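A.B. asks: Please put together the full structure from these sequences, using the hints given.
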Amino acid sequence: MKGIAVLMAPVLWSIKNDLFRLNRSFYRKLIFFGVSSGILLLLFTRLLTIAMTKLQSTSADLFGLLLMKGYSLIFVIVFFIQIVNGFIFSLDVFFQSRDLEVLFTSPVKRTSLFFSRLVGVHIKASWMLIIFGIPLLFAVGILYRASFFYYGVALILFAAFSTVPVNIGATLSLVFSNFFHVRRMKTVLLSAGVVATALLITLLRIFRPERLVNPELFANVTFFIAEIKAPSFILLPNRWLSEALFAFLERSSPSTALIFIALLFSTSYITTMFLLLVFKRYHYRGWGLLHEGDFVRLKHSPHSSLTVLCGKEPLSNRVIQRLLSAFGKRSGTLLRKDVLCQMRDANVHQLLILFFLVIIYLFSIASLPLNWIGYETQLKYVVSFLNLGLILVIIASLCSRLVYPAIVSEGAFLWIMKTSPVTSRRFIWTKFLFFLVPVFLAGQLLTIASSLIIGIEAAFIVLQSATAALLSCSLLSMAVSFGSSDMRRAQEDSSEARSSTESAAYLLVSVLLIFLTLALEVAPVFLYFLKESKQSVFTQKAWLVMAGVIFLLLFVNLLVTFFSVRLSLEKIEKHPF
Amino acid sequence: MIEMLNCTKRYGELVAVNNLSLGVGESEIFGLLGPNGAGKSTTIKMMVGLVRPDSGTIKIGGYDIGRDPVDAKKILAYVPEKGYVYEKLTAWEYLTFISGLYDMNEEAFRKNASEYLGIFGLSDWKDEIIGNFSTGMKQRLLLSAVFMRSPKVVILDEPHNGLDPKGVRLLKDLLFKLRREGTTIILSTHIIAIAEEICDTIAIVNRGSVVAQGTREDLRHYARSSDKNLEDIFLRLTSDYEDGRDLP
Numbered sequence: 001m002k003g004i005a006v007l008m009a010p011v012l013w014s015i016k017n018d019l020f021r022l023n024r025s026f027y028r029k030l031i032f033f034g035v036s037s038g039i040l041l042l043l044f045t046r047l048l049t050i051a052m053t054k055l056q057s058t059s060a061d062l063f064g065l066l067l068m069k070g071y072s073l074i075f076v077i078v079f080f081i082q083i084v085n086g087f088i089f090s091l092d093v094f095f096q097s098r099d100l101e102v103l104f105t106s107p108v109k110r111t112s113l114f115f116s117r118l119v120g121v122h123i124k125a126s127w128m129l130i131i132f133g134i135p136l137l138f139a140v141g142i143l144y145r146a147s148f149f150y151y152g153v154a155l156i157l158f159a160a161f162s163t164v165p166v167n168i169g170a171t172l173s174l175v176f177s178n179f180f181h182v183r184r185m186k187t188v189l190l191s192a193g194v195v196a197t198a199l200l201i202t203l204l205r206i207f208r209p210e211r212l213v214n215p216e217l218f219a220n221v222t223f224f225i226a227e228i229k230a231p232s233f234i235l236l237p238n239r240w241l242s243e244a245l246f247a248f249l250e251r252s253s254p255s256t257a258l259i260f261i262a263l264l265f266s267t268s269y270i271t272t273m274f275l276l277l278v279f280k281r282y283h284y285r286g287w288g289l290l291h292e293g294d295f296v297r298l299k300h301s302p303h304s305s306l307t308v309l310c311g312k313e314p315l316s317n318r319v320i321q322r323l324l325s326a327f328g329k330r331s332g333t334l335l336r337k338d339v340l341c342q343m344r345d346a347n348v349h350q351l352l353i354l355f356f357l358v359i360i361y362l363f364s365i366a367s368l369p370l371n372w373i374g375y376e377t378q379l380k381y382v383v384s385f386l387n388l389g390l391i392l393v394i395i396a397s398l399c400s401r402l403v404y405p406a407i408v409s410e411g412a413f414l415w416i417m418k419t420s421p422v423t424s425r426r427f428i429w430t431k432f433l434f435f436l437v438p439v440f441l442a443g444q445l446l447t448i449a450s451s452l453i454i455g456i457e458a459a460f461i462v463l464q465s466a467t468a469a470l471l472s473c474s475l476l477s478m479a480v481s482f483g484s485s486d487m488r489r490a491q492e493d494s495s496e497a498r499s500s501t502e503s504a505a506y507l508l509v510s511v512l513l514i515f516l517t518l519a520l521e522v523a524p525v526f527l528y529f530l531k532e533s534k535q536s537v538f539t540q541k542a543w544l545v546m547a548g549v550i551f552l553l554l555f556v557n558l559l560v561t562f563f564s565v566r567l568s569l570e571k572i573e574k575h576p577f
Numbered sequence: 001m002i003e004m005l006n007c008t009k010r011y012g013e014l015v016a017v018n019n020l021s022l023g024v025g026e027s028e029i030f031g032l033l034g035p036n037g038a039g040k041s042t043t044i045k046m047m048v049g050l051v052r053p054d055s056g057t058i059k060i061g062g063y064d065i066g067r068d069p070v071d072a073k074k075i076l077a078y079v080p081e082k083g084y085v086y087e088k089l090t091a092w093e094y095l096t097f098i099s100g101l102y103d104m105n106e107e108a109f110r111k112n113a114s115e116y117l118g119i120f121g122l123s124d125w126k127d128e129i130i131g132n133f134s135t136g137m138k139q140r141l142l143l144s145a146v147f148m149r150s151p152k153v154v155i156l157d158e159p160h161n162g163l164d165p166k167g168v169r170l171l172k173d174l175l176f177k178l179r180r181e182g183t184t185i186i187l188s189t190h191i192i193a194i195a196e197e198i199c200d201t202i203a204i205v206n207r208g209s210v211v212a213q214g215t216r217e218d219l220r221h222y223a224r225s226s227d228k229n230l231e232d233i234f235l236r237l238t239s240d241y242e243d244g245r246d247l248p
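As they're listed, the protein sequences go chains D and L.
Mapping to this note's numbering: the first sequence position 147 is 147, numbers consecutive.
Mapping to this note's numbering: the second sequence position 67 is 67, numbers consecutive.
Hints listed in this document are in silico derivations from the structure and should not be mistaken for laboratory results.
This one's a predicted model, so the numbers in the text were calculated from it and none came from an experiment.
Ideal Cβ positions, reconstructed from N, Cα and C, are used throughout, including at glycine.
Please note that the accuracy of each hint is not assured.
[Claimed, not checked] Simulated restraints on C-beta separations:
1) L:Gly214 to D:Met343: 48 to 54 Å
2) L:Lys166 to D:Thr501: 55 to 61 Å
3) D:Leu22 to L:Gly214: 22 to 28 Å
4) D:Phe26 to L:Ala108: 47 to 53 Å
[Claimed, not checked] Covered, in the sense of this in silico footprint (three residues per stretch, anywhere, with C-beta under 8 Å from a C-beta of chain D), are these stretches of chain L:
5) 44 to 50
6) 61 to 74
7) 83 to 89
8) 100 to 106
C.D. replies: Right, dumping it as structure tokens:
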């Protein structure tokens, strides 16, 4: 225990110093996270409660069934997401932390090292999930008018549930690290994860399981939903969690709840102990393999000899140079460097896979059963509205996955720009322009293609396309701005870029901006829906509302873009060297 | 060529550079010597525009680095102590990138870049990804990127880090060559022997201020010392360490 306390001390002391020495940046972050997480929690909880109350008032039987199925499905998804999170974050924490070298050469017990690191893995893997999971637990509590005791128990149970898959993911990473190089494994895994999802979705779309359950064969919707199977095998922890939670909510027999709680905690304990054994057995070898890898990289590529012999640059380089010459020498030079760096980064494979996913997404939209008699217009506009929300989330993810780390990594090389005759303004705008092209194109492709497939009116497509374009600019500029704030991290540990507080802050602010946009777009969607269902034309008032919404969207997004770019410039000017 | 007037830089309560003034002329190698934390790196970072002074002005070739940074940086070259370079570019691509930033003439770039890659022994590695380079090779590449531009002012922060003896010798010869061509060179180093051997003027910095400046003879005179080597003068001027003290 003393060993663990010693190893955890630097983290705790850092927090103590930030707290008591009144570190402004720490307090700014604290307030920012407190406020934005609070807003998100309230917003999600409120929306869920409204939706659940609405469903409950429609049909109590239907609601009970839906709730059980829905929660079971969500918990099983969470379970598998946490396995992947556990895998990826344990690679970071157990293998790529810079302080490991010091710790390995000190007389620290392996068990202490393990537990101190495991806390980090669990926090990194679960904090986001907890923010988005709390509304789920709280909304159902509000609906069932649960006591305060429920909320405390629900959080503890959710945490216990989450440790099981994270431990499983960490165990897999420790075992695999003995056979594969950690850095390559991480890249392969990230790409493989997307490939696996893509394949799964493709298979689902090919087999179209919805054909197997035809709603018209059932007497009513309740029977139809009852027939839809959600994975709720008794040996799966998601079943234990939902059983325990609903036992509390429905105030059924405490012994049932206790059995499932005992199962959750004992499994959590057993997986942790098993992980400790695996750590002791495999960790050191995997860590050694990672460091051996650094020394065997140096080799001369045949490509380079060929290039030297020919005395020419590769054709791809010459093509890039020719294409970018239109931007002037300095901006063209910056863009060319960005193209080359991005092409050689692991991210480029993910871009290709993302493109593949876009195709599948569109294919899935095309397969949606939107022709339910009597509901065609409703479904068309509800789906198109949700579709816009999803596309905006995809744009934000693209910025967070590609733009943010690329900006952060520039921190290490910023000295080159700052000592050269290139202004910070040119540097930032070049970055913005470089990333705007793929982000904008992806957004437009998704919006226009999916809207055409859904079959909404041309004017509405224009509105959605304009929204996606505006959000491409604002979300991208925010990624540049948050990335600029985090540039100092590149000199410390770029592998941490994706899990930093700034990166999380970016995602939180993006979700808030998307919520605000969707809230603004509710009015035009509703007006279009009314117009189509009544087969009427727009009144003058309707046009005014539409114009007002467009103006507000334009104003908010231009303001966000302007301030983000300005903030980026300030951050670059004040970057500590 | 370089004028630094009453420059001060504070980091919170700590005064890193305290009302420092320096002047360096053309064809001069100027050495900055000082113990760790003396303010050498901050002084250099202020000169190249990485850090803005709280007060005071710095002029490079007549251009104020604060007011007219683009023109000042056109004639300036800087080699940092820890120079991160784009690891995903090849050596040649990196040099092409630098030539683009400084708007170099294409022909001059090709000629000079090839020449300096050859001088620094990197010709065979010009199409290799920089990520595969050793620390010394990266340092040689950084120096090639500086020398190929034939800048009027070269500022080097601990340039010998990572270089082998052959590299150190090569750098020294190149600095002498540049001086002959009229270039102003500012060098910060911990290696007193190097400063003694190649610098025309040496400034000893301690606690953010210049405690002594001049040739080796001037410094000896200033320290009122009969010490023969610069190390003794340096220690006398900057530290509390006394010769012959019992070490643990």
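A.B. asks: Against each hint, give a clear statement of whether it holds in the structure.
C.D. replies: Hint by hint, here is what the structure shows:
1. Against the hinted window of 48 to 54 Å, the Cβ-Cβ separation of Gly214 of chain L and Met343 of chain D comes to about 53 Å, which satisfies the hint.
2. The hinted range of 55 to 61 Å is not satisfied by Lys166 of chain L and Thr501 of chain D, whose Cβ atoms lie roughly 46 Å apart.
3. At roughly 45 Å, the beta-carbon separation of Leu22 of chain D and Gly214 of chain L lies outside the given 22 to 28 Å, and the hint is violated.
4. The supplied range of 47 to 53 Å is met by Phe26 of chain D and Ala108 of chain L, whose beta-carbon atoms lie about 50 Å from each other.
5. Using a Cβ-Cβ cut-off of 8 Å, 4 residues of the segment 44 to 50 of chain L lie near chain D, which meets the minimum of three, so the contact claim holds.
6. With 5 residues bearing a CB less than 8 Å from a CB of chain D, the segment 61 to 74 of chain L meets the requirement of three and the coverage assertion stands.
7. Coverage of a stretch by a chain is defined here by at least three residues with a beta carbon nearer than 8 Å to that chain's beta carbons; for the segment 83 to 89 of chain L and chain D the count is 6, and the condition holds.
8. Only when three residues or more bring their CB closer than 8 Å to a CB of chain D does the claim for the segment 100 to 106 of chain L stand; here the count is 4, and the claim holds.
Violated hints, in rising order: 2 and 3; the structure is consistent with all others.
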